[in-house]
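Novice: Letter by letter, the chains look like this.
Number of protein chains: 2
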Amino acid sequence: MHEGPDLEADDVVDGALGERSPRIAAAHRLLRRSRRTEAGEFLAEGAQAVGEAIAYARNNPGIVHELYMTSDAATKHVDLVRAAFAAGIEVTVVTTRAASFLSDTQAPQGLFIRSKAIDVSLAQAVSSGVKLVAVLVDANDPGNAGTVVRLADASGADAVIFAGDSVDFYNPKAVRASAGSIFHLPIVRAGDPLELMAELSAAGLSVLATTGGAEVDLDQARNDGLLDLPTAWIFGSEAHGLPESVIEAADEAVKVPIHGKAESLNLATAAALCLYASASTQRHQG
Amino acid sequence: MHEGPDLEADDVVDGALGERSPRIAAAHRLLRRSRRTEAGEFLAEGAQAVGEAIAYARNNPGIVHELYMTSDAATKHVDLVRAAFAAGIEVTVVTTRAASFLSDTQAPQGLFIRSKAIDVSLAQAVSSGVKLVAVLVDANDPGNAGTVVRLADASGADAVIFAGDSVDFYNPKAVRASAGSIFHLPIVRAGDPLELMAELSAAGLSVLATTGGAEVDLDQARNDGLLDLPTAWIFGSEAHGLPESVIEAADEAVKVPIHGKAESLNLATAAALCLYASASTQRHQG
Numbered sequence: 054m055h056e057g058p059d060l061e062a063d064d065v066v067d068g069a070l071g072e073r074s075p076r077i078a079a080a081h082r083l084l085r086r087s088r089r090t091e092a093g094e095f096l097a098e099g100a101q102a103v104g105e106a107i108a109y110a111r112n113n114p115g116i117v118h119e120l121y122m123t124s125d126a127a128t129k130h131v132d133l134v135r136a137a138f139a140a141g142i143e144v145t146v147v148t149t150r151a152a153s154f155l156s157d158t159q160a161p162q163g164l165f166i167r168s169k170a171i172d173v174s175l176a177q178a179v180s181s182g183v184k185l186v187a188v189l190v191d192a193n194d195p196g197n198a199g200t201v202v203r204l205a206d207a208s209g210a211d212a213v214i215f216a217g218d219s220v221d222f223y224n225p226k227a228v229r230a231s232a233g234s235i236f237h238l239p240i241v242r243a244g245d246p247l248e249l250m251a252e253l254s255a256a257g258l259s260v261l262a263t264t265g266g267a268e269v270d271l272d273q274a275r276n277d278g279l280l281d282l283p284t285a286w287i288f289g290s291e292a293h294g295l296p297e298s299v300i301e302a303a304d305e306a307v308k309v310p311i312h313g314k315a316e317s318l319n320l321a322t323a324a325a326l327c328l329y330a331s332a333s334t335q336r337h338q339g
Numbered sequence: 054m055h056e057g058p059d060l061e062a063d064d065v066v067d068g069a070l071g072e073r074s075p076r077i078a079a080a081h082r083l084l085r086r087s088r089r090t091e092a093g094e095f096l097a098e099g100a101q102a103v104g105e106a107i108a109y110a111r112n113n114p115g116i117v118h119e120l121y122m123t124s125d126a127a128t129k130h131v132d133l134v135r136a137a138f139a140a141g142i143e144v145t146v147v148t149t150r151a152a153s154f155l156s157d158t159q160a161p162q163g164l165f166i167r168s169k170a171i172d173v174s175l176a177q178a179v180s181s182g183v184k185l186v187a188v189l190v191d192a193n194d195p196g197n198a199g200t201v202v203r204l205a206d207a208s209g210a211d212a213v214i215f216a217g218d219s220v221d222f223y224n225p226k227a228v229r230a231s232a233g234s235i236f237h238l239p240i241v242r243a244g245d246p247l248e249l250m251a252e253l254s255a256a257g258l259s260v261l262a263t264t265g266g267a268e269v270d271l272d273q274a275r276n277d278g279l280l281d282l283p284t285a286w287i288f289g290s291e292a293h294g295l296p297e298s299v300i301e302a303a304d305e306a307v308k309v310p311i312h313g314k315a316e317s318l319n320l321a322t323a324a325a326l327c328l329y330a331s332a333s334t335q336r337h338q339g
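From first to last, the protein sequence lines stand for chains A and B. Per the working numbering, residue 54 is the first one in the first sequence, and the count goes up by one each step. Per the working numbering, residue 54 is the first one in the second sequence, and the count goes up by one each step.
Since the hints were made in silico from the structure, they are not lab data. Backbone N, C-alpha and C fix where the C-beta goes; we use that ideal spot for every residue, glycine too. One or more of the hints may lead you astray.
[Unchecked claim] Pulled a few chain A residues facing chain B out of the computed Cβ check, cut under 10 Å: (1) A205; (2) D206; (3) S208; (4) D218; (5) S234; (6) P296; (7) I311; (8) S317; (9) N319; (10) A321; (11) A325; (12) S333.
Please take these sequences and the hints and turn them into a complete structure.
Specialist: Shown next as structure tokens:
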């Protein structure tokens, strides 16, 4: 695949691929959602994401294609270079300008992996024995999306599902906010939320919709035993919350209690409270 | 104070103050921390912050100085104009360009209040009967700072204290992330964290430091009765956590349990779990 471009015409500086190289240009196009979807690939930037990607690659050969590093980053992260070689991942040295071109941040760390998409089907993620699942409906902010992946991982959730009109979780901001957790637990892209909820119910999960308008709050839900069952938590968008149809189709609507004068919590903090309440309840059963 | 500039030389378009007006230029300078400190004033942008500021002004006359609005915003938020008048707040119509000049966002909402600084002394915030306080040490991200103010409010905390080398909570990003909560509960600026902790202890608060390296986790802390006492939770910076000296000086170090493979939680989600665990425990006592 990389033999295509004429190497004589390639942009190589002191052995490092430059930003005008066809391979770097191709990787750069993965910053766009349309190209990611077309190619079935994404980029992940930074030492943490790269480290987690390499760890993932050890158990999933053929998924992580290539590690791009500036020579500075390679010097600083010799351990990652070594681990990448050991995992059979191609390592390519790139110029600082090429690193800027691949980055969507102001201060690129100078290392990136290019990986195949790693999301799985609903059936693969939600098999028997699943106890805790986070579902985002119409999540429109990539930072929030990644943060929820990170905290779902931390809470011990079995999967994160993006339903409805949600952002692409391979968006560079989402990948960064996940702090490597995108490689830790199954991520699923689902369509219609109502169909998804029916499938989650069929898989034996209690489906709880979060909304500020709910009558039951999280403390009551815990005390009433509502969190004892395997649970799928459904979270709406920051701006609009959940559609009424989703709230009605859920087994129960639950709100995070607001003890002070704030109108609401942001998505990630509300999700943290719900997922950890379930995790804590389920662990005390075990 | 506003009579100073020569009105004939002022930048007024159809009765609206333009961005070259001395008053707008003076307000614009409040986007800089040094100027905010010097003037003892700050700006808050958007309908939510403006609404909360006006509600605050009703009980605290003389604090909120002025409401700047584009004519579009005034048309859209007639209720806020009326409430501002009722609260004795001067309302000034500004041009769209002036609104852009006062804003630090890409899409200004076209309404701003200029307010006196509203932080209080530690003695004012931590009086007898205080049960739950959030302390940030060296908080370096304004978005995080504001988000913690919002969730501390939601959890029913009595105060938020910014200690050590923390960002200015009047930073426009911090004010915006607080979603109006900066006007809901006492905010304190403290210096040395160790001195602060001694004062919190003297005020009868149990001082709990959060760190991933703690032996006790949040579930154990709750089960062992550690959260039954009035509590000050101490949170470190996203990047570096808490200084060792702070952890040692605390009554107890507590970690949020990580059930999955994530290395840590972000500051706001960790703070949400700790503050709500205390709130829930204290409420079940009551």
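Novice: So, for every hint listed, does it hold in this structure?
Specialist: Do the hints match the structure? See the list:
| no. | hint | result |
| --- | --- | --- |
| 1 | A205 | holds, 8 Å |
| 2 | D206 | holds, 4 Å |
| 3 | S208 | holds, 6 Å |
| 4 | D218 | violated, 20 Å |
| 5 | S234 | holds, 5 Å |
| 6 | P296 | violated, 22 Å |
| 7 | I311 | holds, 5 Å |
| 8 | S317 | holds, 7 Å |
| 9 | N319 | holds, 6 Å |
| 10 | A321 | holds, 6 Å |
| 11 | A325 | holds, 4 Å |
| 12 | S333 | holds, 5 Å |
In terms of the numbered hints stated before, the structure departs from hints 4 and 6, listed from lowest to highest.
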